[in-house]
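Position 19 of the sequence shown, counted from 1, bears residue number 19 in our numbering, the numbering being contiguous throughout.
Incorrect hints may appear among the rest.
[Claimed, not checked] Capping the alpha-carbon separation at 27 Å, the derived lysine-lysine pairs in DSS-like fashion look like this:
#1 Lys109 with Lys84
#2 Lys187 with Lys200
#3 Lys112 with Lys84
#4 Lys84 with Lys48
#5 Lys109 with Lys200
#6 Lys48 with Lys109
#7 Lys187 with Lys48
Hints in this document: simulated from the structure, not taken from any laboratory. Remember, predicted model here, so these are calculated numbers, not experimental data.
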Amino acid sequence: MIIQPFALSDWQTNCFVVHSDNSSDCWIVDCGFEPAVLLDYITENQLKPVRIVLTHAHVDHIGSLEHIHDLWPDVPILIHEAEKEFLDNPMFNLSAFMGQPIVAPAATKLLKHGDTLSFNDQEFEVRHTPGHSPGGITLIHHASNQAIVGDALFAGSIGRTDFPTSDVHQLMESIHTQLMSLPDDMKIYPGHGPTSTIGKERTTNPFLQS
1 MIIQPFALSD
11 WQTNCFVVHS
21 DNSSDCWIVD
31 CGFEPAVLLD
41 YITENQLKPV
51 RIVLTHAHVD
61 HIGSLEHIHD
71 LWPDVPILIH
81 EAEKEFLDNP
91 MFNLSAFMGQ
101 PIVAPAATKL
111 LKHGDTLSFN
121 DQEFEVRHTP
131 GHSPGGITLI
141 HHASNQAIVG
151 DALFAGSIGR
161 TDFPTSDVHQ
171 LMESIHTQLM
181 SLPDDMKIYP
191 GHGPTSTIGK
201 ERTTNPFLQS
(Lines of atoms letter the chains of each structure in order from A; the text may use other names.)
(Lines give C-alpha, C1' and ligand atoms only; values in the text may rest on other atoms or scores of the structure.)
Protein backbone atom coordinates (compact mmCIF):
# COMPACT_ATOMS: atom_id res chain seq x y z
CA MET A 1 0.00 0.00 0.00
CA ILE A 2 1.39 3.39 -1.01
CA ILE A 3 0.81 6.28 1.39
CA GLN A 4 2.13 9.40 -0.31
CA PRO A 5 2.37 12.45 1.98
CA PHE A 6 2.21 16.11 0.98
CA ALA A 7 2.96 18.94 3.40
CA LEU A 8 0.51 21.61 2.26
CA SER A 9 0.53 25.40 2.70
CA ASP A 10 2.18 27.45 5.43
CA TRP A 11 0.42 25.19 7.92
CA GLN A 12 2.57 22.30 6.65
CA THR A 13 -0.41 19.99 7.04
CA ASN A 14 0.41 16.46 5.99
CA CYS A 15 -2.28 15.23 3.62
CA PHE A 16 -2.10 11.91 1.83
CA VAL A 17 -2.91 10.09 -1.36
CA VAL A 18 -3.38 6.41 -0.59
CA HIS A 19 -3.21 3.96 -3.49
CA SER A 20 -1.78 0.65 -4.64
CA ASP A 21 0.22 -0.57 -7.61
CA ASN A 22 -2.58 -2.71 -8.99
CA SER A 23 -5.40 -0.16 -9.18
CA SER A 24 -6.07 3.41 -10.27
CA ASP A 25 -8.33 3.97 -7.26
CA CYS A 26 -7.08 6.25 -4.51
CA TRP A 27 -8.13 7.86 -1.28
CA ILE A 28 -7.45 11.44 -0.26
CA VAL A 29 -6.79 11.63 3.47
CA ASP A 30 -7.20 15.18 4.79
CA CYS A 31 -7.61 18.27 2.62
CA GLY A 32 -5.26 21.05 3.66
CA PHE A 33 -4.99 24.47 2.09
CA GLU A 34 -3.21 24.88 -1.27
CA PRO A 35 -3.56 21.28 -2.49
CA ALA A 36 -2.09 21.80 -5.99
CA VAL A 37 0.86 19.43 -5.51
CA LEU A 38 -1.46 16.70 -4.22
CA LEU A 39 -3.86 17.17 -7.11
CA ASP A 40 -0.96 17.13 -9.59
CA TYR A 41 0.17 13.80 -8.17
CA ILE A 42 -3.29 12.34 -8.71
CA THR A 43 -3.35 13.60 -12.31
CA GLU A 44 0.21 12.55 -13.16
CA ASN A 45 -0.37 9.03 -11.82
CA GLN A 46 -3.78 8.76 -13.50
CA LEU A 47 -5.48 8.03 -10.21
CA LYS A 48 -9.19 8.19 -9.46
CA PRO A 49 -10.32 9.35 -6.00
CA VAL A 50 -12.97 7.05 -4.57
CA ARG A 51 -13.02 8.25 -0.97
CA ILE A 52 -12.10 11.33 1.08
CA VAL A 53 -11.24 10.44 4.67
CA LEU A 54 -10.69 13.09 7.33
CA THR A 55 -8.59 12.33 10.40
CA HIS A 56 -10.35 15.26 12.05
CA ALA A 57 -12.08 18.51 11.07
CA HIS A 58 -9.76 21.29 12.18
CA VAL A 59 -9.36 24.10 9.68
CA ASP A 60 -5.89 23.10 8.46
CA HIS A 61 -7.16 19.62 7.55
CA ILE A 62 -10.32 20.73 5.71
CA GLY A 63 -9.15 23.96 4.06
CA SER A 64 -9.50 22.59 0.52
CA LEU A 65 -12.33 20.13 1.15
CA GLU A 66 -14.87 22.22 -0.72
CA HIS A 67 -12.53 22.61 -3.71
CA ILE A 68 -11.73 18.90 -3.83
CA HIS A 69 -15.39 18.02 -3.39
CA ASP A 70 -16.22 20.30 -6.34
CA LEU A 71 -13.71 18.38 -8.48
CA TRP A 72 -15.19 14.99 -7.52
CA PRO A 73 -18.71 15.68 -6.19
CA ASP A 74 -19.70 12.00 -6.10
CA VAL A 75 -16.78 10.91 -3.92
CA PRO A 76 -17.95 10.20 -0.35
CA ILE A 77 -16.56 12.17 2.59
CA LEU A 78 -15.87 10.19 5.76
CA ILE A 79 -15.33 11.53 9.27
CA HIS A 80 -15.80 10.25 12.81
CA GLU A 81 -19.33 10.64 14.13
CA ALA A 82 -18.12 12.88 17.00
CA GLU A 83 -17.26 15.61 14.48
CA LYS A 84 -20.28 15.43 12.21
CA GLU A 85 -21.14 19.04 13.13
CA PHE A 86 -17.59 20.39 12.76
CA LEU A 87 -17.42 20.64 8.98
CA ASP A 88 -20.02 23.38 8.62
CA ASN A 89 -19.39 25.09 11.96
CA PRO A 90 -16.50 27.60 11.90
CA MET A 91 -16.40 27.72 15.70
CA PHE A 92 -15.94 23.97 16.00
CA ASN A 93 -13.48 23.62 13.10
CA LEU A 94 -11.54 26.63 14.47
CA SER A 95 -11.66 28.60 11.23
CA ALA A 96 -13.65 31.34 12.98
CA PHE A 97 -10.58 32.07 15.09
CA MET A 98 -8.33 32.32 12.02
CA GLY A 99 -10.24 35.08 10.27
CA GLN A 100 -11.33 32.80 7.43
CA PRO A 101 -14.57 31.01 8.39
CA ILE A 102 -14.98 27.70 6.56
CA VAL A 103 -18.28 25.98 5.94
CA ALA A 104 -17.25 22.72 4.31
CA PRO A 105 -19.41 20.07 2.63
CA ALA A 106 -21.14 17.63 4.94
CA ALA A 107 -19.85 14.13 5.51
CA THR A 108 -21.61 11.34 3.66
CA LYS A 109 -20.47 8.57 6.00
CA LEU A 110 -19.83 8.72 9.74
CA LEU A 111 -17.13 6.51 11.22
CA LYS A 112 -16.83 4.90 14.62
CA HIS A 113 -14.12 3.05 16.50
CA GLY A 114 -13.48 -0.42 15.13
CA ASP A 115 -14.82 0.21 11.64
CA THR A 116 -13.07 -1.50 8.75
CA LEU A 117 -12.66 0.39 5.49
CA SER A 118 -12.07 -1.69 2.39
CA PHE A 119 -9.65 -0.56 -0.29
CA ASN A 120 -10.16 -3.02 -3.12
CA ASP A 121 -8.81 -6.25 -1.59
CA GLN A 122 -7.10 -4.42 1.30
CA GLU A 123 -8.47 -3.27 4.66
CA PHE A 124 -7.84 -0.33 6.97
CA GLU A 125 -8.81 -0.40 10.63
CA VAL A 126 -10.33 2.77 12.10
CA ARG A 127 -9.36 3.59 15.68
CA HIS A 128 -10.90 6.50 17.54
CA THR A 129 -8.02 8.56 18.97
CA PRO A 130 -9.66 11.65 20.50
CA GLY A 131 -8.04 14.30 22.66
CA HIS A 132 -6.61 16.76 20.16
CA SER A 133 -10.13 16.82 18.78
CA PRO A 134 -13.24 14.83 19.77
CA GLY A 135 -13.39 12.79 16.60
CA GLY A 136 -9.75 12.22 15.79
CA ILE A 137 -9.09 8.90 14.08
CA THR A 138 -6.14 6.73 13.16
CA LEU A 139 -6.21 4.68 9.95
CA ILE A 140 -4.19 1.46 10.21
CA HIS A 141 -3.12 -0.74 7.32
CA HIS A 142 -1.89 -3.79 9.18
CA ALA A 143 -0.78 -5.64 6.04
CA SER A 144 1.91 -3.05 5.26
CA ASN A 145 2.51 -1.98 8.87
CA GLN A 146 1.56 1.66 8.28
CA ALA A 147 -0.77 4.05 10.10
CA ILE A 148 -2.01 7.59 9.49
CA VAL A 149 -2.36 9.05 12.98
CA GLY A 150 -3.63 12.59 12.34
CA ASP A 151 -2.71 15.12 15.01
CA ALA A 152 -2.74 12.67 17.92
CA LEU A 153 0.97 11.83 17.82
CA PHE A 154 3.95 13.51 16.18
CA ALA A 155 7.61 12.62 15.88
CA GLY A 156 8.89 13.73 19.28
CA SER A 157 5.66 15.40 20.36
CA ILE A 158 1.89 15.06 20.72
CA GLY A 159 -1.11 16.98 19.44
CA ARG A 160 -2.08 20.33 20.88
CA THR A 161 -4.69 20.29 23.62
CA ASP A 162 -5.27 24.01 24.13
CA PHE A 163 -8.30 24.18 21.83
CA PRO A 164 -11.86 24.48 23.19
CA THR A 165 -12.77 20.87 22.36
CA SER A 166 -9.38 19.34 23.26
CA ASP A 167 -8.65 17.19 26.31
CA VAL A 168 -5.08 16.33 27.30
CA HIS A 169 -6.08 13.40 29.50
CA GLN A 170 -8.19 11.93 26.72
CA LEU A 171 -5.32 12.38 24.25
CA MET A 172 -2.83 10.59 26.49
CA GLU A 173 -5.30 7.75 26.98
CA SER A 174 -5.75 7.50 23.21
CA ILE A 175 -2.01 7.39 22.63
CA HIS A 176 -1.32 4.80 25.31
CA THR A 177 -4.27 2.50 24.58
CA GLN A 178 -4.78 2.85 20.83
CA LEU A 179 -1.36 3.75 19.44
CA MET A 180 1.18 2.28 21.83
CA SER A 181 -0.62 -1.06 21.46
CA LEU A 182 0.58 -1.18 17.84
CA PRO A 183 3.83 -2.96 16.86
CA ASP A 184 7.08 -1.08 17.45
CA ASP A 185 8.04 -1.32 13.78
CA MET A 186 4.79 0.21 12.53
CA LYS A 187 5.47 3.34 10.48
CA ILE A 188 3.33 6.31 11.43
CA TYR A 189 2.33 9.29 9.31
CA PRO A 190 1.44 12.27 11.55
CA GLY A 191 -0.64 15.26 10.54
CA HIS A 192 2.44 17.49 10.76
CA GLY A 193 6.16 16.84 10.62
CA PRO A 194 8.16 13.76 9.63
CA THR A 195 7.20 10.11 9.75
CA SER A 196 8.28 7.95 12.65
CA THR A 197 7.61 4.53 14.15
CA ILE A 198 5.65 3.45 17.19
CA GLY A 199 8.80 2.03 18.75
CA LYS A 200 10.79 5.22 18.29
CA GLU A 201 8.04 7.30 19.88
CA ARG A 202 7.63 4.80 22.69
CA THR A 203 11.30 5.10 23.64
CA THR A 204 12.23 8.69 22.74
CA ASN A 205 9.11 10.88 22.75
CA PRO A 206 9.46 13.05 25.88
CA PHE A 207 5.68 13.20 26.35
CA LEU A 208 5.49 9.42 26.66
CA GLN A 209 8.22 8.90 29.24
CA SER A 210 7.03 8.19 32.78
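Consistency of the hints with the structure:
no., hint, in the structure
1, Lys109 with Lys84, "9 Å, holds"
2, Lys187 with Lys200, "10 Å, holds"
3, Lys112 with Lys84, "11 Å, holds"
4, Lys84 with Lys48, "25 Å, holds"
5, Lys109 with Lys200, "34 Å, violated"
6, Lys48 with Lys109, "19 Å, holds"
7, Lys187 with Lys48, "25 Å, holds"
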